[in-house]
Amino acid sequence: MDKLSVVIPAWNEEEAIGRVVERVLSAGDALRQQAGIRELEVLVVDDGSVDGTARAVRRLAVRHGRPGTRVRLLQHGRNRGYGAALQTGFRAATGDLLAFLDADCTYPPEHLPDLCSALAPGTALVLGDRLRSPSSRMPGLRRLGNRFYAALVALLTGRPALDCCSGMRVMPASTWRALGPLPDGLDFTPAMTMRALLAGLDVAQVVIPYHERVGRSKLRVLYDGVRFLRTILREGQACRPTRLWATFGLLAALPALSLAVLAAALHAAFRSPWGLWVTGALAGAPWFVAACSALAGRARLGLRARPRAVEQEHAS
Numbered sequence: 109m110d111k112l113s114v115v116i117p118a119w120n121e122e123e124a125i126g127r128v129v130e131r132v133l134s135a136g137d138a139l140r141q142q143a144g145i146r147e148l149e150v151l152v153v154d155d156g157s158v159d160g161t162a163r164a165v166r167r168l169a170v171r172h173g174r175p176g177t178r179v180r181l182l183q184h185g186r187n188r189g190y191g192a193a194l195q196t197g198f199r200a201a202t203g204d205l206l207a208f209l210d211a212d213c214t215y216p217p218e219h220l221p222d223l224c225s226a227l228a229p230g231t232a233l234v235l236g237d238r239l240r241s242p243s244s245r246m247p248g249l250r251r252l253g254n255r256f257y258a259a260l261v262a263l264l265t266g267r268p269a270l271d272c273c274s275g276m277r278v279m280p281a282s283t284w285r286a287l288g289p290l291p292d293g294l295d296f297t298p299a300m301t302m303r304a305l306l307a308g309l310d311v312a313q314v315v316i317p318y319h320e321r322v323g324r325s326k327l328r329v330l331y332d333g334v335r336f337l338r339t340i341l342r343e344g345q346a347c348r349p350t351r352l353w354a355t356f357g358l359l360a361a362l363p364a365l366s367l368a369v370l371a372a373a374l375h376a377a378f379r380s381p382w383g384l385w386v387t388g389a390l391a392g393a394p395w396f397v398a399a400c401s402a403l404a405g406r407a408r409l410g411l412r413a414r415p416r417a418v419e420q421e422h423a424s
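Taking the numbering used here, the leading residue of the sequence shown gets 109, the next gets one more, and so forth.
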């Protein structure tokens, strides 16, 4: 693999896009020496910007039209979303390796050679890990949220905790084709991570710093946080419904068992038979709900798969 296509989604990022592209291009020598990348392609996807983002990229494309490196501008007529912009870039990319990072100077292009070097044979995806870097400047609430998502993904997949929402990654082009189509919004990254892990693909991490962004953030912490959670749960439900609901049953059982202990204590104190009924109900209810949900999930998956099997039978 000797050609790298770096996709940068941009929506009203005229303040930072020039610096990000220049830094990606400056990593070209290190990419050649450290990772064997002979050709570098930078694709900026202008996702319906109304500022000077496209104009800045056009200037860079003219300035950096040298052999072995090129800058390309792709444009959406309207804002279609972070994931949609990335997938537009992936479809247009010509490299056998794909990378992406944000256009706001939060991710360090200087670490692209490290991520490419970590892409050993058999590795399907390399993430930039912001959570273990002592120099990361991530706001406290977002850091807490990302740690929660990492723990949840690890719990649902049975794989080691990853920075599942990281927006800096490197992968073979075949990985994106195997995992798609992916969501058009900001939940593109957790969906990609969940699918890769649940498919049993080898996912690696490289520790990177994370910096404060240039310009105004488009992230809506509460709204997008709920969306990330919903996406992680949806992917888990689609692939492993039993594990998902067994996990929730276990979590629900902990407070229920505490209440059951309280009910047992009341029974011992007042010698009333209702305490035994309450104890049994509280202890058993979460497991009953988890079992029913898991069976419903399995039945739903079976119904989805059945028409396809019937069609194949008729075709043969």
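Hints are not guaranteed to be accurate.
To be verified - Restraint ranges, calculated between C-beta atoms of paired labels, are given here:
{"#": "1", "residue 1": "R127", "residue 2": "R178", "range": "14 to 22 Å"}
{"#": "2", "residue 1": "R199", "residue 2": "G160", "range": "23 to 31 Å"}
{"#": "3", "residue 1": "A262", "residue 2": "A228", "range": "17 to 25 Å"}
{"#": "4", "residue 1": "D137", "residue 2": "A226", "range": "17 to 25 Å"}
Hint data in this document are derived by calculation from the structure and do not stem from the laboratory. From the three backbone atoms N, C-alpha and C, an ideal C-beta is built for every residue, glycine too.
Exercise. What are the numbers of the hints the structure violates, in ascending order?
Worked result: none
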